[in-house]
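Chain L is fixed; fit chain G onto it per the hints.
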Amino acid sequence: DIETNLTNPDKMIVKYSLPKLRYELNALEPIISKTMLDIHYNKHHVAYVNKLNMLLEQLQEAMNKGDITKIVNLQQEIQFNGGSHINHSLYWENLSPSAMGGGKLPDASSKFFKHVSTQWGSFQTLIDYMITRATGIKGSGWAWLAYHKESKQIIYEETLGQDTISMKGNLIPLLTIDVWEHAYYIDYKNARPQYLKEIWNIIDWKEVEKRYEAAIQSDIKLFSYIFMNQRLM
Amino acid sequence: PMATTGFHELPELPYGYASLEPFMDEATMVVHHDKHHAGYTRNFNAALTAIQAAGGEGAKICTMSPENILRQLNTLPITPEQRTPLRNHGGGYWNHGMFWSVMAPPKERQEHPTGHLSTAMANTFGSLDAFKKEFSKVGAGVFGSGWAWLVAEGPQENPTLKVVSTANQDSPFTVGQFPLLVVDVWEHAYYLRYQNRRPDFLEAWWQLVNWKTVDDRYKEYTGKN
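So the protein sequences, as listed, match chains L and G. With the numbering used here applied, the first sequence covers 2 to 234. With the numbering used here applied, the second sequence covers 1495 to 1719.
In case anyone wonders, no lab produced these hints; they're calculated from the structure. Nothing here was measured: the structure is a model prediction, and the numbers come from that model. Glycine residues also receive a C-beta, built at the ideal position from the N, C-alpha and C atoms. Any given hint could be a false lead.
[As the list claims (entries may be wrong)] What follows is a set of in silico ranges between Cβ atoms, one per label pair, in the way DEER data are often shown: (1) Lys1718/G <-> Met168/L: 47 to 57 Å; (2) Gln76/L <-> Thr1654/G: 24 to 34 Å; (3) Tyr130/L <-> Lys1718/G: 52 to 62 Å; (4) Pro1571/G <-> Ser110/L: 52 to 62 Å; (5) Gly67/L <-> Glu1503/G: 55 to 65 Å; (6) Glu158/L <-> Thr1543/G: 29 to 39 Å.
For reference, chain L alone in the conformation it holds in the complex (with noise of 0.2 Å):
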């Protein structure tokens, strides 16, 4: 949850903290074993987000101060930490265990069925392309399924480091895809067109969807809100 120092409103601090995870830490089973999901979540996540917080706390006292060489030189890193927050939230939030309707497509009477067919052709063809731009990111990074606001398509993207969507503008993040080693070297080492061509049976294109009603019915503004709010407590 995030807590705010209330006794001391000068030095209000927003912490924050790791979504819970909707299933077990096996359930993502054999595609995301228990472990490597384990060292993830609990060593890599967190460790992000103790570091933004203790950014975060850092560029408060800067601010109080009046320090602005120390508030640029911290914007690099919060940028760093705080990306790979969101970014592995919605990593998290955008994949279940197929008990939970992970791997299941929509509904092919829904919109967003409907949308991805008209513009990519079939969902196949968008998994396809996907697999094969996320394969060839050089190093680390995230591919993305968006929608554009402005062009109102679904689109991919990718992002390099911990570099999130809403650093491209104009886009709202639909489905995440982790492809920095450590999203995959335990259980897949190299092979990362595995990991890619495996993690389509976890996907929750029930959220996926969710993301998408909510990017088509408002505008940038509100969603930012919706997600902060729900998303990263």
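Below, chain G alone, put in the same frame as chain L:
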């Protein structure tokens, strides 16, 4: 492991897969060399084969050393589509070869720089420990995938030493620097044993550095023995 042949060969490891234990585990060495490095080798050769097949001025690249390809990367008479795989796979091919060569089994290595390099390092960093601290800090600070380097730059008679990092498979050669020492900080270099604890990996890695290789490379750059 399947031999990767073509314009460039996958170099054999100078030691056994388990020889760097306990600092670098055998399983990592097997996958890192036989899969990652082999993959870069194959893709590098494939890129050169395609350039050769395309004919024209670019074909002479196939007889260049990997170092020179990387040195001249941005001025080679090739298209951007031809350049990108050379940058990634040529870089990956050379970087990993150098990485194996700067390590040795803990008890067989030279544990300190000597001679001119030792003097230059003391002058630049103050002490070996201060250098290691700086190098580890840079290595730990690479966002995502990349490498940390000790490089020489500038005139042969009096080079500058620097600690730098590159992203993905980018090479210091491309910006006119000469690599002396390198560590791979892609997650695949340490993940199986260290997971996200990259600083722990870097601390352990110093137990593997064979300073003889670094001495020799400095001699190569300065021409001084």
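Status of each hint after checking the structure:
1. Distance hint check: the CB atoms of Lys1718/G and Met168/L are about 48 Å apart, consistent with the given range 47 to 57 Å.
2. The given range of 24 to 34 Å is respected by Gln76/L and Thr1654/G, whose C-beta atoms sit roughly 30 Å from each other.
3. For Tyr130/L and Lys1718/G, the hinted distance range of 52 to 62 Å is satisfied, since their beta carbons lie about 55 Å from each other.
4. Range check, Pro1571/G to Ser110/L: Cβ separation about 56 Å, and the 52 to 62 Å hint holds.
5. Taken as a hint, the range 55 to 65 Å holds for the pair Gly67/L and Glu1503/G, whose Cβ atoms sit roughly 60 Å apart.
6. Evaluation of the 29 to 39 Å hint for Glu158/L and Thr1543/G yields a pass: the beta carbon distance comes to about 32 Å.
In summary, the structure agrees with every hint in the numbered list given earlier.
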